[in-house]
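So the chains spell out like this:
Protein chains: 2
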Amino acid sequence: MSIRIGIIGYGNLGRGVECAIKQNNDMELVAVFTRRDPSTVKILTDTAKVVNIKDIEDYKDKIDVAIICGGSATDLPNQTPEYSRLFNCIDSFDTHARIPEHFDNVNKVCLENNKVTLISIGWDPGLFSLNRLLGNAVLPDGNDYTFWGKGVSQGHSDAVRRIKGVKNAKQYTIPVESALERVRNGENPTLTTREKHTRECFVVLEEGADAAQVEKEIVTMPNYFADYDTTVHFISEEEFNANHSGIPHGGFVIRSGKTGWEGEKNHTIEFSLKLDSNPEFTASVLVAYARATYRLAEKKDFGCKTIFDIPLALLSPKSGEELRKTLL
Amino acid sequence: MSIRIGIIGYGNLGRGVECAIKQNNDMELVAVFTRRDPSTVKILTDTAKVVNIKDIEDYKDKIDVAIICGGSATDLPNQTPEYSRLFNCIDSFDTHARIPEHFDNVNKVCLENNKVTLISIGWDPGLFSLNRLLGNAVLPDGNDYTFWGKGVSQGHSDAVRRIKGVKNAKQYTIPVESALERVRNGENPTLTTREKHTRECFVVLEEGADAAQVEKEIVTMPNYFADYDTTVHFISEEEFNANHSGIPHGGFVIRSGKTGWEGEKNHTIEFSLKLDSNPEFTASVLVAYARATYRLAEKKDFGCKTIFDIPLALLSPKSGEELRKTLL
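Residue numbers (our numbering), protein chains in the order written: chain D, 8 to 335; chain X, 8 to 335.
None of these hints come from the bench; they were simulated from the model.
Treat the hints with care, since some could be wrong.
No copy is singled out in the list; a pair is fine if it fits within one copy or between any two copies.
Using 27 angstroms as the maximum straight-line C-alpha spacing, the simulated DSSO-like pairs for lysine-lysine come out as follows [as the list claims (entries may be wrong)]:
# : residue 1 : residue 2
1 : K115      : K306
2 : K306      : K325
3 : K332      : K203
4 : K325      : K115
5 : K325      : K307
6 : K332      : K115
7 : K61       : K174
Please read all numbers here as calculations on a predicted model, not as lab measurements.
Could you build all of it, start to finish, from the sequences and the hints given here?
Listed below in structure tokens is the structure:
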């Protein structure tokens, strides 16, 4: 029997989840829940339904795990506790500072309703967090470094698009190669914001806009660009659509630490991602952890969990015996 | 109260474990057990004892976790089941093909004696296995690549040292950079043995030995060198001692896979290690997982386990709440 999945919210992430389910034979998409008129939402899976979110209670016994694909700012803080009453759930809540509060809210609902919900699953928070924990535990005497990119920052792209005269824009965050090399060489440097990342913007101007003025507004924008070295390229709409329509991302988590009686030996642990599509990869992580959610619920190990609490064996469709034989 | 640790076997790995315990405030070394005359074994920790292995039963209630630092060929297949009668244990058994058999032997003893034993903990098997599992689960439609090095292969160094005329030798395994780049670029290449790694030997000759003959014996040696491009350097004993006395190692585990409805997008997950000392790093991994062993025993979750079965939260001295706040 397949693990029956529901998707709540059908933007880039929800569509990514649908694609990832297709790659996992032990899973089946039952329904996509949407706030829009269901007749206007076209999905790819013939055998699944599109359902108005108002009717979600009807699916209480028809879904094993609900993958919630809303945004962290306003959707997930409400949706994840709400739907954890009905289903085992998983979300990708990524507002790092508010995770403890979100955890407590979700945990309470899960324990009252005998449900398992995993929060903050993805790559950061998510796989990057897992590697930070591993690095700290294995090399207690060391330093952590996280670099992001090369990839698209939606927040920074939006900020540029709000400037008067900008028709469209995309912002790439780029790690500084020389800083990465210093970290990899075990120099344990202290790095400023400017030394770690640069920012590169591709901008399509409105007719008659003042390029020099737009560039100045970008590179001096507080919080977003002022603390970085920023390059601005003005390009045509055709070039923008041809070369900058994707949502690539990635990054590096590095732990550099010392061992030995007097700390004589240096070691570097590095985890990195290079992703053609940020939402499709995040969706693939969510789907693997949906399998773990299902198995924890089968074991009645209820409550809210994070990526730190999940043995990796639970992510794989293979049995423990097969895993030991083929992957250990 | 500290976690009380015993070390069984005091070679490079045992000494590494002793150093790693010093870096973890919640742990305490109680005793080192040795087959040698204890009076001939000097350890670094003032507060710990050196004990003849014959007297190990006296420590049954004085140790929470025994870290077994024997060799995989002949020590661990006997030692780990034997000492799992007395203690929760952890080993770094690394004969991949015999892991299922070792698991079954150890599991039986653990269940009969209410003990937890973790086997095959280190970096390969170990952290590399964890990343292979993660990559397979997140990107089911993809390929696995493992590269080792740059690092010292003890087996290959030993093989060179057995050649007539060789006084001392060290062999480095080196990943081929262009092969690594092809994998990172998502080309999903099929790579031969020769295309993945080269081998480099540093050899000190006995007086009057025939260098050309030694070189020929090395590069044509079946299983060890014949399938590789091998470079041989003859050096003086002084240079050998100055530059080749360490045991560095490392490597790369890469998963390259596709997502999307038609598999349009490519992603690369890479985990890599650069280690000044192979045994000290392996020891650091063992000590972090010894903490998990202790916690599983506290929860009475008895039996043999592998790295796949352990939630990473159990590796850290921090509480779940602290981890969510600081590392997620």
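To see whether the hints hold, each was checked on the structure:
no. : hint        : in the structure
1   : K115 x K306 : both (19 angstroms within a copy, 23 angstroms between copies)
2   : K306 x K325 : both (17 angstroms within a copy, 26 angstroms between copies)
3   : K332 x K203 : between (41 angstroms within a copy, 24 angstroms between copies)
4   : K325 x K115 : between (32 angstroms within a copy, 22 angstroms between copies)
5   : K325 x K307 : both (21 angstroms within a copy, 25 angstroms between copies)
6   : K332 x K115 : between (39 angstroms within a copy, 18 angstroms between copies)
7   : K61 x K174  : neither (36 angstroms within a copy, 80 angstroms between copies)
Checked against the numbered hints above, the structure breaks only hint 7 and satisfies the rest.
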